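Trainee: Numbered according to the UniProt record's numbering, the sequence shown spans residues 1 to 413.
These are calculated hints, taken from the structure and not from any lab test.
Quick caveat: nothing in here was measured; it's all calculated off a predicted structure.
Take the hints with a grain of salt, since some may be wrong.
As the list claims (entries may be wrong) - For lysine-lysine, the following DSSO-like pairs were computed, each having C-alpha atoms within a straight-line distance of at most 30 Å:
(1) K115 with K342
(2) K39 with K21
(3) K396 with K362
(4) K154 with K68
(5) K362 with K402
(6) K328 with K362
(7) K342 with K396
(8) K174 with K136
(9) K255 with K1
(10) K328 with K342
(11) K374 with K402
(12) K1 with K272
(13) K342 with K402
(14) K21 with K68
(15) K374 with K396
(16) K21 with K328
(17) K21 with K1
(18) K29 with K136
(19) K50 with K39
(20) K50 with K1
(21) K362 with K255
(22) K50 with K174
(23) K21 with K154
(24) K154 with K29
(25) K39 with K51
(26) K39 with K68
(27) K272 with K252
(28) K1 with K174
(29) K29 with K39
(30) K374 with K289
(31) K154 with K51
(32) K328 with K136
(33) K255 with K68
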Amino acid sequence: KIFQAVVSCIGGDGTIYIIPKSFETALNKLMAEIQNTFKGLGLLIPYCWKKGEACVVRGSDTLWYRAKIIEVSGSTLQVQYIDRGYIESIPQCHLYPTTFYTGIPPFCIPCQLYKMLPIGNFWQQDAVDYLQELLKNEEVEVHVEEIPDNPWGKLSISLYFGGMSLSSFMAYQKYCVAEDCQDIQKLGLFEGDLSPSYLLQPLPVPGETFPVTVTHLVSPKEVYVCLDSSGNLTEQCDTERAASHDSEGLDKALKWCNKIVKTLPHLTDFRKELPCLAEYVDGLWYRAKVLSVTQLAPVQILVQFVDYGTYLVAPTSRLRHIPCHLLKYPVQAVRVLLAGFKPASDDRNMERIPYSPEWSLKALWTMMDCVEGKRLSASILTVSPEVTISLYGDDKNLVHLKLLEMGLAELDE
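Go ahead and model the full structure; you've got the sequences and the hints to work with.
Mentor: What follows is the structure in structure tokens.
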């Protein structure tokens, strides 16, 4: 069985407590009932607490939670929040004994990683702390591998965050090892292939109009576009639906990668077209590919962000190996040429684009104003030798008409 869940906490022994997403509505309803039933302070008169006894606990957020007594020690009791998993030491004045709600099973499920042995046969404190920092309150995908014989035992699971296997990641960090030698090969975090590469984005059929956003301009005629899943021109075609699903999955995977990026090794291979992770000027890490070495001392690498089309010259400290699960998402940005116009032969503007001198910088800025942040639509004319499109603004007019009006471009039949 496979389901989505939220990790509520990591136990001191490495137990992973999860709350299935399908339980959320019922849990919220129960919590509302508990708040209406119990108000004010806990039990203020002396009471003889027993280990295993059911109670409600007033948490630090002033809400009441179901709990059970784990240990009695003077005026302080150790309790476990049965719907969250975590254990706390609580003064007696914050508890209330109850038989209410004891017939409802706990909403959180204790789990362990399937066929993974922690180093030293128990989870070290630094591993537990790392799991807590990485997973607490995060949504994950759970694959049930083995159900315990004891109904109160731990469920054996494989857990995935952003498409990455937690078992693979913890083994890579040397916190644990695979129990079965045959499973070790399955735990590869990085691409075993010597020449990993990205998948290309499937395109809509020529003639079909579809929403796009422009992510980067090389020149007024050469741009990078992404299929815009938020657009609603017509019924979404299969290609757009797939692109939307890929984009959402990629966003989640990159969010997780940014969380663990410091644990990923620095890039040491600078072959052209090699996939990698690169840090952009906003401090976040994105998918990229190596284009060339621009400087040797110190080493500077020209990379292109494949989901946007933008370029960056970066030191090796801002480049990391890319986990192989990030290669399964097609590149989001597609390089296209815009049809219907060419540079004006009588454009007198002296400032030219250095790498494309047939165009003036004024033409580039004007085109940028026409497309930046706008809801655009496109229609593919040809896919070979280059992808060529007609690009329309939100007024349904061709975006290059402004350049024609200003004498910065002319019609290209």
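Trainee: Taking only the CA atoms, is the gap from K39 to K51 under or equal to 30 Å?
Mentor: With a Cα-Cα distance of about 24 Å, the restraint between K39 and K51 holds, given a limit of 30 Å.
Trainee: For the pair supplied as a hint, K396 and K362, is the alpha-carbon distance within the 30 Å limit?
Mentor: holds (24 Å)
Trainee: Between the alpha carbons of K21 and K68, is the straight-line distance 30 Å or under?
Mentor: The hint holds at about 23 Å.
Trainee: Within 30 Å, alpha carbon to alpha carbon, are K174 and K136?
Mentor: Distance of about 21 Å is within 30 Å: holds.
Trainee: Is the hinted pair K39 and K68 satisfied, with a Cα-Cα distance of at most 30 Å?
Mentor: Roughly 19 Å separates the two Cα atoms, so the pair holds.
Trainee: Between K50 and K39, does the CA-CA distance stay at or below 30 Å?
Mentor: Holds, because 23 Å separates the two Cα atoms, which is no more than 30 Å.
Trainee: Would you check the hint for K342 and K396, treating anything up to 30 Å between C-alpha atoms as holding?
Mentor: holds (20 Å)
Trainee: Starting from K374, check that the Cα of K289 is at most 30 Å away, please.
Mentor: Holds. K374 to K289 sits at ~27 Å (cutoff 30 Å).
Trainee: Hint check: K21 vs K154, CA-CA at most 30 Å. Holds or violated?
Mentor: With Cα atoms ~19 Å apart, K21 and K154 stay inside 30 Å; holds.
Trainee: Decide if the proposed pair is consistent with the structure: K374 and K402, CA atoms, cutoff 30 Å inclusive.
Mentor: holds (15 Å)
Trainee: Please work out if K21 and K1 have their alpha carbons no farther apart than 30 Å.
Mentor: Holds: K21 and K1 sit about 14 Å apart, inside 30 Å.
Trainee: Please verify whether K255 and K1 have alpha carbons no more than 30 Å apart.
Mentor: holds (25 Å)
Going through the hint list in order, the structure does not satisfy hints 1, 6, 10, 12, 20, 21, 22, 33.
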